[in-house]
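Start from the sequences, fold in the hints, and give me the full structure.
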Amino acid sequence: MLEIKNLHASVDGNEILRGIDLTIRRGEVHAIMGPNGSGKSTLASVLAGNPRFEVSEGTATFLGRNLLEMSIEERARAGFFLGFQYPVEIPGVSMANFMKLAVNEKRKYNGLEPLGAGEFLKLMRQRAEFVELDPRMTSRAVNEGFSGGEKKKNEIFQMAMLEPTLAVLDETDSGLDIDALRVVATGVTRLHTSENATIVITHYQRLLDYIVPDFVHVLYHGRIIHSGDRELALRLEEQGYDWLIKNEK
Amino acid sequence: MSLEQKYIELYATHTGQICRGFAPQVNAGRRALLDDFLASGAPDSKGEKYRYSDMRRIYGRDLSLPSIEAPIPGREGVMTLGNGVFADGEPLVVRADGVITGSLRAASVDFPEFVLGRLNSVATNLSDGLTALNGAMMPDGIFVYVPCGVDGGTIDVELLYDTVHEDDLVFSRMLVVLEEGAEARLQARYRGRAGNHLVVNHVTEAILGRGAKLQMGEAYDFGEGNDAFAVSYSSVAEDGTLDRVFVSIGGEAVRLGYHCDLAHTGAQSSLYGLFMGAGRERIDIYSEVDHLAGGCSSYQMVKGVADEQSTGAFTGRIYVAPGADGTSALQQSRNMTLTPTSRIVSVPQLEIYAQDVQCSHGASVGQLDREAIYYMQQRGIDEVEAKALQMSGFVNDIIDRCGDGSFVEEICNMASGRIRRV
Ligand SMILES: Nc1ncnc2c1ncn2[C@@H]1O[C@H](COP(=O)(O)OP(=O)(O)OP(=O)(O)O)[C@@H](O)[C@H]1O
Ligand SMILES: [Mg+2]
Chain A
1 MLEIKNLHAS VDGNEILRGI DLTIRRGEVH AIMGPNGSGK STLASVLAGN
51 PRFEVSEGTA TFLGRNLLEM SIEERARAGF FLGFQYPVEI PGVSMANFMK
101 LAVNEKRKYN GLEPLGAGEF LKLMRQRAEF VELDPRMTSR AVNEGFSGGE
151 KKKNEIFQMA MLEPTLAVLD ETDSGLDIDA LRVVATGVTR LHTSENATIV
201 ITHYQRLLDY IVPDFVHVLY HGRIIHSGDR ELALRLEEQG YDWLIKNEK
Chain B
1001 MSLEQKYIEL YATHTGQICR GFAPQVNAGR RALLDDFLAS GAPDSKGEKY
1051 RYSDMRRIYG RDLSLPSIEA PIPGREGVMT LGNGVFADGE PLVVRADGVI
1101 TGSLRAASVD FPEFVLGRLN SVATNLSDGL TALNGAMMPD GIFVYVPCGV
1151 DGGTIDVELL YDTVHEDDLV FSRMLVVLEE GAEARLQARY RGRAGNHLVV
1201 NHVTEAILGR GAKLQMGEAY DFGEGNDAFA VSYSSVAEDG TLDRVFVSIG
1251 GEAVRLGYHC DLAHTGAQSS LYGLFMGAGR ERIDIYSEVD HLAGGCSSYQ
1301 MVKGVADEQS TGAFTGRIYV APGADGTSAL QQSRNMTLTP TSRIVSVPQL
1351 EIYAQDVQCS HGASVGQLDR EAIYYMQQRG IDEVEAKALQ MSGFVNDIID
1401 RCGDGSFVEE ICNMASGRIR RV
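Taken in order, these protein sequences are the chains called A and B. Just so you know, the first sequence maps onto residues 1 to 249 in this note's numbering. Just so you know, the second sequence maps onto residues 1001 to 1422 in this note's numbering.
Since the hints were made in silico from the structure, they are not lab data. The structure presented is a predicted model; accordingly, all values stated were derived computationally and were not measured. It is possible that some hints are incorrect.
Here are the simulated PhoX-like pairs of lysine-lysine, each with C-alpha atoms no more than 25 angstroms apart in a straight line [said to hold, decoys possible]:
| hint | chain 1 | residue 1 | chain 2 | residue 2 |
| --- | --- | --- | --- | --- |
| 1 | A | K108 | B | K1387 |
| 2 | A | K151 | B | K1387 |
| 3 | B | K1006 | B | K1046 |
| 4 | B | K1387 | A | K100 |
| 5 | A | K122 | A | K100 |
| 6 | A | K100 | A | K151 |
Computed list of chain B residues with no C-beta within reach of chain A, every gap over 10 angstroms [to be verified]:
| hint | residue |
| --- | --- |
| 7 | L1010 |
| 8 | T1015 |
| 9 | Q1017 |
| 10 | G1117 |
| 11 | T1124 |
| 12 | T1241 |
| 13 | D1325 |
| 14 | F1407 |
| 15 | R1420 |
Over the 12 angstroms line for every Cβ pair with chain B, so calculated as not near, a few chain A residues [said to hold, decoys possible]:
| hint | residue |
| --- | --- |
| 16 | R25 |
| 17 | G58 |
| 18 | G64 |
| 19 | F130 |
| 20 | D179 |
| 21 | D209 |
| 22 | Y220 |
| 23 | I225 |
| 24 | D242 |
Where a beta carbon is used, it is the ideal one built from N, C-alpha and C, also for glycine.
Pasting the structure below:
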């Protein structure tokens, strides 16, 4: 469903992605690992369409369409979801209002009628339960005053509301306590079907005990320097990145 | 002809129209007020108080008074003042509980001593020529009286400025008196017909007795191309509470003044406000709270949004008189400029002569948050909608204070109309 070929991207004239090739098929879970600053979040941002980044070379095809030509919101409505490494606060805008708009925009895109107030509330309550999110959070302003862990949980809650075809979760595991990690990870696993796909960006093998990846990729200095199965993640946990990076040099 | 001469002539030729229906005792005071105006003139932007509004330029235009008649019909259950003149059928309604509402001139005839004793009693700020001019020229007004211990309920008022000719100067007035322990909620809309180049001069006086509670909501939409000067003076007695909230959109140059005297121990006031400018509009808010006795508290939270090339100014003056110990006075000014060509300035002025005073102020000017817009877009919300959502997030806490029912709905519509333009 997603095919990335030779993707190069830069910010303020600095090339951060230097030729990414990646293919994601329905039903798959991919993990992307790599040292700090290697470009993992940049890749996620470029796929989401963040205007800060400029794509200088390469292609990305999503569900048969040229992803790079679609607007940010179009990508989202077509089923692309980004779980932010740093979720943004929107003062004064309630989660409920925000999600109602988002859900109905997506429905409109898919030719569906907007959800009525009752149906929406029901959906919201059910999905909040799903990630064990305190339902009172939904009446608060988006991410405002949320703790670090609550913000991450809230990303997965939004994912559960929007049921994306392809979700990229950027370090959704960081900042979660042990129980929250389990809840979030099982939530993600339960949302996974043979029709959708998930990319998890993480530093810790721990998350992959819950969300078992089909592929593990190592991103280094803007390139995928190594791919393997979940055994690779275990080895990285033990040995770090040095052995791979030395190879690269 | 000098500006002053022009107003002498305007007054002379329209005396009959202006004075009609008022008690002679009230009319007797007009000439002195006109002299006060002539002595101080229309303020220009050189003075401290009017740094952001040049009233002399506005009042120097070739203005005339609106031709009378063709009264504007009011809405059901809403007291209406059309071009300053009371428009509804019954000029004065005396309810069984003693609450009196209606036309100011009718009240001045039925209760001359009462009205005379209160009119211009709080609006005595003689350095302000435009207030004095209002006292000289007002053709009528809204009158609200709530007797001791009575809850007057919700009182709806609408002030319409809809002249036949362009370049008219329209005076309107409001006098609100709450006796000891009285309560009321007043909801006022000010609406001008767009494009008539009219100039509004409005003065409100609110007098609160001991323990009286007044909630006052005001929605201003003076209309594109019109200028307005609307100022209110209130005094709050011992343990009285005045809670105000206003929302202002529209108008070429708009000056809103809020003067509040906390006159005796335990008096409280709050002012929540929102102004939203667009185009080349200029809006100037001047708020002054005078803590004249100890143990009083005041709170002000005024938010501003400036779009396109509009400008806004908020001056918040807090005066704590000698001996007004144990005062608490807080003031917040929060603003958003949406374009590089829009501007909002915030000027706190604190003057404190007492001990043990808790006084603070804060001001900020921000822009739309690009990251938040991107975040919303990533959830499928387009840029226009995302901006609107963010704007509503900024203004909603003020709008939510406008009570409930149809009034807050009207204000919501006003504000969202503005937000949609972004
Ligand atoms: N405006 C900029 N100018 C120059 N370099 C930048 C700019 N913005 C980001 N970068 C760099 O791009 C690189 C990739 O950043 P990115 O956030 O994608 O890393 P990451 O792999 O997600 O790291 P982490 O694991 O710490 O989250 C970093 O070295 C970062 O400093
Ligand atoms: Mg990152």
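These are the hints, each one checked on the structure:
no.: 1; hint: K108(A) x K1387(B); result: holds (20 angstroms)
no.: 2; hint: K151(A) x K1387(B); result: holds (22 angstroms)
no.: 3; hint: K1006(B) x K1046(B); result: holds (22 angstroms)
no.: 4; hint: K1387(B) x K100(A); result: holds (16 angstroms)
no.: 5; hint: K122(A) x K100(A); result: holds (12 angstroms)
no.: 6; hint: K100(A) x K151(A); result: holds (18 angstroms)
no.: 7; hint: L1010; result: holds (47 angstroms)
no.: 8; hint: T1015; result: holds (52 angstroms)
no.: 9; hint: Q1017; result: holds (48 angstroms)
no.: 10; hint: G1117; result: holds (45 angstroms)
no.: 11; hint: T1124; result: holds (40 angstroms)
no.: 12; hint: T1241; result: holds (26 angstroms)
no.: 13; hint: D1325; result: holds (36 angstroms)
no.: 14; hint: F1407; result: holds (21 angstroms)
no.: 15; hint: R1420; result: holds (15 angstroms)
no.: 16; hint: R25; result: holds (23 angstroms)
no.: 17; hint: G58; result: holds (21 angstroms)
no.: 18; hint: G64; result: holds (19 angstroms)
no.: 19; hint: F130; result: holds (18 angstroms)
no.: 20; hint: D179; result: holds (27 angstroms)
no.: 21; hint: D209; result: holds (28 angstroms)
no.: 22; hint: Y220; result: holds (26 angstroms)
no.: 23; hint: I225; result: holds (28 angstroms)
no.: 24; hint: D242; result: holds (35 angstroms)
In terms of the numbered hints stated before, the structure departs from none.
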